Amino acid sequence: MTHLPVLPILIPLIAGALLVLLYDLPLWLQRVVSIASTLSLLGLALALGSMIGEAGHLVYALGSWAPPFGIVLVPDRLSVLMLTLTAVLALFAVIYASRNDDEAGAHFHALFQFQLMGLNGAFLTGDLFNLFVFFEVLLIASYALLLHGGGPARSRAGLHYVILNLIGSALFIIAVGILYGVTGTLNMADLAVRISEAPPADLPLIQAASLIFLVVFGVKAALLPLLFWLPRAYTVAAAPVAALFAIMTKVGVYAMLRVFPLVFALDTALVNTLAWQWLWPLALATLALGGIGVLGATSLRNMTAYMVIVSAGTLMATLALGSTQAIAAGLFYLVHSTLMTAAFFLFADLIARQRGEAGDHMVVASAMKDRRTLGILFFFGAAAFAGLPPFSGFVSKIWILESSWAEGASGSLWPILLGAGLLMLIALSRAGSKFFWRQSGERPHELRADRVRFGVVCVMLLTSVALSIQAQPLMDYLTATAASLQAPGQYVETVMNTTRSLKEAH
Amino acid sequence: MEALYAATVGVLTACGIYLVLRGRTFPVIMGLTLLSHAVNLFLFATGRLALRAPAVIGQSETYTDPLPQALVLTAIVIGFAMTAFVVVLALKAAVELRNDHVDGVDPDEDWRP
Numbered sequence: 005m006t007h008l009p010v011l012p013i014l015i016p017l018i019a020g021a022l023l024v025l026l027y028d029l030p031l032w033l034q035r036v037v038s039i040a041s042t043l044s045l046l047g048l049a050l051a052l053g054s055m056i057g058e059a060g061h062l063v064y065a066l067g068s069w070a071p072p073f074g075i076v077l078v079p080d081r082l083s084v085l086m087l088t089l090t091a092v093l094a095l096f097a098v099i100y101a102s103r104n105d106d107e108a109g110a111h112f113h114a115l116f117q118f119q120l121m122g123l124n125g126a127f128l129t130g131d132l133f134n135l136f137v138f139f140e141v142l143l144i145a146s147y148a149l150l151l152h153g154g155g156p157a158r159s160r161a162g163l164h165y166v167i168l169n170l171i172g173s174a175l176f177i178i179a180v181g182i183l184y185g186v187t188g189t190l191n192m193a194d195l196a197v198r199i200s201e202a203p204p205a206d207l208p209l210i211q212a213a214s215l216i217f218l219v220v221f222g223v224k225a226a227l228l229p230l231l232f233w234l235p236r237a238y239t240v241a242a243a244p245v246a247a248l249f250a251i252m253t254k255v256g257v258y259a260m261l262r263v264f265p266l267v268f269a270l271d272t273a274l275v276n277t278l279a280w281q282w283l284w285p286l287a288l289a290t291l292a293l294g295g296i297g298v299l300g301a302t303s304l305r306n307m308t309a310y311m312v313i314v315s316a317g318t319l320m321a322t323l324a325l326g327s328t329q330a331i332a333a334g335l336f337y338l339v340h341s342t343l344m345t346a347a348f349f350l351f352a353d354l355i356a357r358q359r360g361e362a363g364d365h366m367v368v369a370s371a372m373k374d375r376r377t378l379g380i381l382f383f384f385g386a387a388a389f390a391g392l393p394p395f396s397g398f399v400s401k402i403w404i405l406e407s408s409w410a411e412g413a414s415g416s417l418w419p420i421l422l423g424a425g426l427l428m429l430i431a432l433s434r435a436g437s438k439f440f441w442r443q444s445g446e447r448p449h450e451l452r453a454d455r456v457r458f459g460v461v462c463v464m465l466l467t468s469v470a471l472s473i474q475a476q477p478l479m480d481y482l483t484a485t486a487a488s489l490q491a492p493g494q495y496v497e498t499v500m501n502t503t504r505s506l507k508e509a510h
Numbered sequence: 097m098e099a100l101y102a103a104t105v106g107v108l109t110a111c112g113i114y115l116v117l118r119g120r121t122f123p124v125i126m127g128l129t130l131l132s133h134a135v136n137l138f139l140f141a142t143g144r145l146a147l148r149a150p151a152v153i154g155q156s157e158t159y160t161d162p163l164p165q166a167l168v169l170t171a172i173v174i175g176f177a178m179t180a181f182v183v184v185l186a187l188k189a190a191v192e193l194r195n196d197h198v199d200g201v202d203p204d205e206d207w208r209p
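Chains as they are written, first to last, in our numbering: chain A, 5 to 510; chain B, 97 to 209.
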């Protein structure tokens, strides 16, 4: 058995531990270690992608303990997609941070690596309690990263974020406990089988657990009543941290996509599960609220935070449709929106650095030194973000609209989705005209944009164009992903076969 | 025994939720602690309550499920570390914001540094 599937967890763990132990290493060396580790994760994710091949699944039993007793890692198409996306995003964020954002507090790179470890672990694991543990790993790292740089605003937002997530963790264990009490197993494939065979008397408990899971993942994914921590936390976080956090809401969405179709919908359609029926109205309300928030935001970072909510709402509404086409379109939108929100967090920082006291607040200030280049970049960025052609936002929105038409849900989704898009466009053009067209008469700032930072933002926005050029091959992959999510029997089969082959080997 | 155990978990959870909804950070942290106690007890009970049945095979006629005990251990470790972290964070916030309200604003006092 090859050990490749466990490396995306081990490499950041080792790199992070090294950086903690050797904390007095010169900063450039820490940066080299951190960037090298992140780069290797990208390579690993692609290698895993080619390893899973046509079958679409791979089972790695840790310590050769047979499932369901041992913990298994099950990389499949969805895991590989998320691993690749995380590695790409982290690479941009860590390069951006290495321009001196990492000097603002201790242990930035170590925490960054631990965060990656938690993310990768959550994407790979096939065990429910292990998913909880990796959630904790990534959350604990994110608490400290959110506070990176210090200051009262961060302490205040951090306190809310930590307390809310601790309550979320408590709920997570309760739900896991209920499922264990009912079925006596924690392996997701085994859970799926036992839940599909559960006696009717146990069904209320199982459904209660599934709704608790919806709440827990909803806290992470910013589902409507549970999202009010998000705008403040994302607004005050340091720019590269906020960029990395763009993937954090997607972890919640990933967990929904992993747990609900597999564990609760083995013998029924996904849309018939109780949690999925709740998801649809809540996601639409999230989308509407995000649109209003974007219009009311007072700074560019704040606006981007609300765009994270818009994208979370769009994504969950699309997934709630439940068809293969809809899930594939949603996954495409996930890739697009993660990269674009992250790019905008970094871009807002780039603008804020040139406006002195005014920062990224939407007030008239003296002219920026690089207002022409930044203005052109803002124009293209806004077009990419709001979903105008030829960028990937346009492609993904077309697919989402098409799939909702096929599901007969266009009556409720179209007006809200397009309305939120319009609000986003209005807010972005208002921000752009305030930043670049209206300037106070004072002497312009003399600070030039840092070349590397500028380059990172440019490349991130270019990925949007690359996504729309490569849309068809990517979409084929995502359709295969969605199809395998909807046929969880195959996943269960692969894990059970591993049990058999491991027993024979002993 | 089940009824007593269930009532204990229920009372702990109710007290925890009440305290978590308070406005100052210290009661909130106490609430989180009670909540995590309740969760640990709940998790322990998922292996079913049994008397004179250790979680080791061969020590007695029956044995209990050892897995919930391992899960509780993990949950205790994580919960303990997080309580320590949130206490320090609350202290830091109290010093920086000059009050101990969760929103960072004291509704009774209009005092600013």
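If you're looking for bench data, these hints aren't it; they were derived computationally from the structure.
Please read these numbers as outputs of a predicted model, since none were measured by experiment.
Take the hints with a grain of salt, since some may be wrong.
Stated by the list, open to error - Beta-carbon label-pair distances, calculated as ranges:
no. : chain 1 : residue 1 : chain 2 : residue 2 : range
1   : B       : 187       : A       : 10        : 52 to 58 angstroms
2   : B       : 187       : A       : 508       : 46 to 52 angstroms
3   : A       : 154       : B       : 101       : 40 to 46 angstroms
4   : A       : 477       : B       : 176       : 47 to 53 angstroms
5   : B       : 161       : A       : 281       : 31 to 37 angstroms
6   : B       : 154       : A       : 508       : 26 to 32 angstroms
7   : A       : 414       : B       : 187       : 48 to 54 angstroms
8   : B       : 176       : A       : 203       : 33 to 39 angstroms
Cβ atoms here follow ideal geometry from the backbone N, Cα and C, with glycine treated the same way.
Here's how the hints hold up against the structure:
The hinted window of 52 to 58 angstroms between residue 187/B and residue 10/A is violated, with their beta carbons roughly 38 angstroms apart. Between residue 187/B and residue 508/A the beta carbon distance is about 57 angstroms. The supplied range of 46 to 52 angstroms is therefore violated. Taking 40 to 46 angstroms as the suggested C-beta distance range, the pair residue 154/A and residue 101/B conforms, at roughly 45 angstroms. Checked against the given bound of 47 to 53 angstroms, the beta carbons of residue 477/A and residue 176/B, roughly 48 angstroms apart, stay inside it.
The hinted window of 31 to 37 angstroms between residue 161/B and residue 281/A holds, with their beta carbons roughly 33 angstroms apart. In this structure the hint that residue 154/B and residue 508/A lie 26 to 32 angstroms apart at CB holds, the actual value being about 27 angstroms. Under the hint 48 to 54 angstroms, the C-beta atoms of residue 414/A and residue 187/B, about 53 angstroms apart, fit the expected range. At about 37 angstroms, the beta-carbon gap between residue 176/B and residue 203/A stays in the expected band of 33 to 39 angstroms.
Checked against the numbered hints listed earlier, the structure breaks hints 1, 2; every other hint is satisfied.
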